[in-house]
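Enquirer: Protein chains in written order, with our numbering: chain D, 1 to 321; chain G, 1 to 321.
Heads up, a few of these hints could be off.
Among the chain G residues that face chain D by a calculated CB cut under 8 Å, a handful are [what the hints assert, rightly or not]: (1) K34; (2) R131; (3) L216; (4) A223; (5) A245.
It is worth saying that the hints were derived from the structure and are not from the lab.
Note that the structure is a prediction, hence the values are computed from the model and not measured.
All C-beta atoms, glycine included, are put in the ideal place defined by N, C-alpha and C.
Number of protein chains: 2
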Amino acid sequence: MPQASVAGAVLAAKEGIPVILVGDAEVLKPELAKHQFELPIHHSSDVITMDDHAGDVRKRKGSSIMQAMQLVKDSQAAAAVSMGHSGATMAAALLVLGRIKGVDRPAILATIPSRAGFVALLDVGANADCRAAYLQQFAVMGTVYARAFFGKMQPTVGLMSIGEEEHKGNELTKEAHELLNKTPNINFFGNVEGRDLLKGSSDVMVTDGFTGNVILKLAEGEAKELFGWIRAALVGGSWLTKIGAALVKPALRSVAAKLDPSEYGAQPLLGVKGYAFIGHGSSDAKAVLSALRTARRSVEAQLLEKIAAGMAELPKAMVTG
Amino acid sequence: MPQASVAGAVLAAKEGIPVILVGDAEVLKPELAKHQFELPIHHSSDVITMDDHAGDVRKRKGSSIMQAMQLVKDSQAAAAVSMGHSGATMAAALLVLGRIKGVDRPAILATIPSRAGFVALLDVGANADCRAAYLQQFAVMGTVYARAFFGKMQPTVGLMSIGEEEHKGNELTKEAHELLNKTPNINFFGNVEGRDLLKGSSDVMVTDGFTGNVILKLAEGEAKELFGWIRAALVGGSWLTKIGAALVKPALRSVAAKLDPSEYGAQPLLGVKGYAFIGHGSSDAKAVLSALRTARRSVEAQLLEKIAAGMAELPKAMVTG
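One chain only, chain D, in its complex shape (with noise of 0.2 Å):
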């Protein structure tokens, strides 16, 4: 939705998060008139659908999404934020910016909040079938990134299993399992379990995207779901539970907050050299801001940095392996 961005980017722009709006200036223009607010446009006429494939935009370099992903690898932007096509974002990314060396895949990462802070799973949709060398380099930027964020030295990583027991997974995650055992500089946790999610028995949380999208899905549906069955429960009961429940609104509402993804706004795709951003499509302005302020401090991090120096301390041997 151009009226989100423009009004979250206007939002950003007033916290000095210089903004640049990539798109149809004709649509931009008028969004940005309402605010009465001037922010520099970077003019396509091409935009990526949901209709559409995200193949597409290797024939499409002049869509706006092309156009972000240029602007970055020409050092005109920092970051490319993008609250629409999720795979395009992603085949822009990879096509513009390129791998970071020693990088197989690229993967999204998802902040889950969790009973004690947060988790940093990844991958959440970037590479449904994957192998143990992909999750060992998603242990290493997971990790990476869950120091700049969590300010943790040390994060925890955990393997996403169905049992403690190094032998209990499939096949993916037994040999990923031994391949994380001997990886040199992340803390590795050993297996967690879908109950571990929210808990954070881990900071970090490796898995294959398939696994790890449907995940991000049934985390952020179900507790949708629970607090609209509890509302249900709430305005259907007596009228000794309707003064209860409006009197507990406030606590609900804190603790539904905690679970709300536009919090976070946007998700990186790390292991692209460049920085770059997946929203929701549905996000709101909120969710726009929090996405620019995430991308604002993933570059003062130096994420970029500091997932290339660790990829380079993976023994070469593993790197390929």
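Starting from the known structure of chain D, fit chain G onto it as the hints suggest.
Expert: For chain G alone, kept in the frame of chain D given last:
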């Protein structure tokens, strides 16, 4: 825990479910005495514990779980219910009872509470690595189960994936999607996603045992965690919040109860030639009672015969495909 198992068995017997206790008579007799109740005991001094490997059942034919399966095999019991080692229960069932014709891999089915009723999710852990043909067989077995337990004549079957579109997913789900499209006698709904689970977008959801196990543990764990967060926000709130909390307690409890796994007791192992059920190791008497009720209901519904009939309807080439 023999205490919970015996207490649950006594409750079941009082309801008219004839239970045979299988295990160490020296442990079971004093437990029964506490209830001043008589139940037949099939003595076996050997018990597979959580520290044993599932494969150990092979050389321990006298263990209680193997003996329980043998009673089913010999038609001395209609069903075997175990609250112990789930891997060992599965191995014992396969070894003693064997597979229904056309079933490559038996699957564990979990009943998940959803907005409108329940979802039958399988496999939740019997097969960490799956082929598309297994998912097809799960679809048939899940359909039979949903017909018997959810009272739906044409239950819909969803394929757990990472996008609604047919071409989205990993290699396994893309192949399974095609196969399910061609499967007679199931009502294939298409792909579902993590967020669809508690929405109950389809009556049956099929997935590999790795993803299914992660889903099950996440769904249970998240519900538990969220209610913990809510409790903490309520007891840690102002005195007005605390008054409200007291008033909404029954309503919140009713929602929490809907999500309590002990309400459902045990998960059937579908695809073996006999009724076998796997319960939580940490079950209380109520969960054991629910498990025994589920077992009786399955036998009464002639689940086994119906699964065999369903499998026989699958074109031969598909069964082996």
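Enquirer: Determine for every hint whether it applies to the structure shown.
Expert: Now the hints, each set against the structure:
1. K34: Violated - the Cβ of K34/G stays beyond 8 Å from chain D, reaching only about 33 Å at its closest.
2. R131: Violated, because the Cβ-Cβ distance from R131/G to chain D comes to roughly 12 Å (cut-off 8 Å).
3. L216: For L216/G, the interface hint holds, since the closest Cβ of chain D sits about 7 Å away, which is under 8 Å.
4. A223: With a closest approach of 7 Å, the A223/G hint holds.
5. A245: Hint holds; A245/G Cβ to chain D Cβ min 6 Å, cut 8 Å.
Comparing the model with each numbered hint stated earlier shows that hints 1, 2 do not hold.
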